[in-house]
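Participant: Taking the hints into account, I'd like the entire structure generated from these sequences.
The UniProt record's numbering applies: residue 1 is where the sequence shown begins, and numbers increase by one.
These are calculated hints, taken from the structure and not from any lab test.
Model, not experiment: these values are computed from the prediction.
Virtual Cβ for every residue (Gly too), placed ideally from N, Cα, C.
Do not rely on the hints blindly, as some may be mistaken.
[As the list claims (entries may be wrong)] Straight-line alpha carbon distances no greater than 16 angstroms define the calculated EDC-like cross-link-like pairs of lysine to aspartate or glutamate that follow:
#1 K217 <-> E327
#2 K98 <-> E70
#3 K217 <-> E247
#4 K217 <-> E252
#5 K216 <-> D332
#6 K340 <-> D227
#7 K360 <-> D165
#8 K216 <-> E252
#9 K157 <-> D246
#10 K81 <-> E93
#11 K217 <-> E334
#12 K81 <-> E94
#13 K360 <-> D246
[Claimed, not checked] Okay, the calculated beta carbon distance ranges per label pair:
#14 E209 <-> I343: 27 to 35 angstroms
#15 R200 <-> K134: 48 to 56 angstroms
#16 E208 <-> R61: 53 to 61 angstroms
#17 N269 <-> Q128: 34 to 42 angstroms
#18 K134 <-> E201: 43 to 51 angstroms
#19 N338 <-> L289: 23 to 31 angstroms
#20 T341 <-> Q237: 17 to 25 angstroms
#21 N164 <-> K134: 51 to 59 angstroms
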Amino acid sequence: MPLPPVADTAKQPLDIPSESPEPPKVARASEGGEGAGGAGEEAWDERAPEAESLGMCHNPRLQRYLVAVEYIGTRFSGSQKQPNRRTVTGTLEEAFLKFVGQPVSAVCSSRTDAGVHALSNVFHVDVQRISKRKPNEVLTPHEPGVVRRAINHFLQKEGDIMVNDVQCVPEDFHARFKALERTYFYRLLCGPELLPVFERERAWHVPEELDISAMKKACNSLVGLHDFSSFRAAGCQATSPVKTLDELSVCEVAPFIWFPSSTERKEFNAKSLDGDSRIPHIPEKCSRLFGERHRHRCFVITARACSFLYHQVRLLVGVLKCVGTGELTSNDVERILNAKTVIAASPMAPACGLYLCNIKYCLP
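Facilitator: Written out as structure tokens, the structure reads:
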């Protein structure tokens, strides 16, 4: 059922039909590598902007919305809008155009490169709700819930992006410059077996075992205020390599897609008879039936700071991985940090394991 006109229904909430999405028809990201054609994640200069660069509305009839978006980055050429490329910003702007009937500009809080995913990346968008029957009549702005449902209606055919939250904010609220903190996750799956198809492009496959204790020790050397020149890729726009890393940690978790084996199901059923229905956080090794997969161990590295240098997180992960496999020691990590050149660092971790987790704000 086609979406009814929305711009000339000032007193009625938008009723978005629930249709089954069709298979997405999108082009794959180019093979030109991460960030081809534009700056990638953690690349911006965080200097205080002038009023013009804040993207202020200066129009009382405009409503600024803060929009949280989640996406699988595999088929996007990054978040930044680029000519003739499928990008997160471009896709979001197209959905708003279909909704409000006029072009909008979506301003991103954190750029992500091709292949990088987001659990919540934040944009601000200015929308003026104009009557389609009376073009000179400006209507009351839509409620945030209406905006979320409408944009998701137009995004559903994409198959790999959706809006998970919307909030009205003042006209001077900027998604990028008002951010207080950014958190990234990085997933590593360890084990000699090939990754399941469900995990392809969702994590970095490391065939070797990882020493999590050594990795945690190395994290301690990197937390705090440092000159991170050794973890700063070429093309970084930041004016200074000095950053404060508030958190760098590693922990083992259950695999993202995990189903109990026949042995585990029996154990769970036995426990439930005793009143214990809890499922272990990390599944134990057990016998498997024919056709059942060997499991990979899953590690998540968390990096949290106000802002990051270009490719800083992936360069940090590359070093921590080498510590986990025994290629580097904690002393080597300190040597790399003090070298103040990216040449000293280990190879950068691939984009597929990186997730922008969330952006922290002090919201009105």
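Participant: Hint by hint, note whether the structure agrees.
Facilitator: Status of each hint after checking the structure:
Simply put, K217 and E327 have alpha-carbon atoms about 15 angstroms apart, close enough for the 16 angstroms limit, and the pair holds. For the hint pairing K98 with E70, the CA-to-CA distance comes to about 20 angstroms; that exceeds 16 angstroms, so the pair is violated. Between K217 and E247 the alpha-carbon distance is near 13 angstroms, which keeps this suggested pair within the 16 angstroms criterion. A threshold of 16 angstroms between alpha carbons decides the hint, and for K217 with E252 the separation of about 15 angstroms falls inside it, so the pair holds.
Under the criterion of a C-alpha separation no larger than 16 angstroms, the hint pairing K216 with D332 is consistent with the structure, at around 14 angstroms. Pair hint K340 plus D227 holds up; C-alpha atoms about 7 angstroms apart against a cutoff of 16 angstroms. The hinted pair formed by K360 and D165 meets the criterion: a straight-line CA distance of about 14 angstroms does not exceed 16 angstroms. Distance check on the hinted pair: K216 and E252 sit about 11 angstroms apart at the alpha-carbon level, within 16 angstroms; holds.
Distance hint between K157 and D246 is unfulfilled; the C-alpha atoms sit about 38 angstroms from each other, more than 16 angstroms. Under the criterion of a C-alpha separation no larger than 16 angstroms, the hint pairing K81 with E93 is consistent with the structure, at around 10 angstroms. With a C-alpha separation of about 11 angstroms, the suggested pairing of K217 with E334 holds against the 16 angstroms cut-off. The hinted pair formed by K81 and E94 meets the criterion: a straight-line CA distance of about 11 angstroms does not exceed 16 angstroms.
Between K360 and D246 the alpha-carbon distance is near 13 angstroms, which keeps this suggested pair within the 16 angstroms criterion. For E209 and I343, the hinted distance range of 27 to 35 angstroms is satisfied, since their beta carbons lie about 28 angstroms from each other. Checked against the hint of 48 to 56 angstroms, the pair R200 and K134 passes, with Cβ atoms roughly 51 angstroms apart. Our hint of 53 to 61 angstroms for E208 and R61 holds, since their Cβ atoms are close to 59 angstroms apart.
Roughly 59 angstroms separates the CB atoms of N269 and Q128, a value that falls outside the hinted 34 to 42 angstroms. Between K134 and E201 the Cβ separation comes to about 48 angstroms, which falls inside the hinted range of 43 to 51 angstroms. Checked against the hint of 23 to 31 angstroms, the C-beta distance between N338 and L289 comes to roughly 52 angstroms, which is inconsistent with it. Under the hint 17 to 25 angstroms, the C-beta atoms of T341 and Q237, about 18 angstroms apart, fit the expected range.
The hinted range of 51 to 59 angstroms is not satisfied by N164 and K134, whose Cβ atoms lie roughly 34 angstroms apart.
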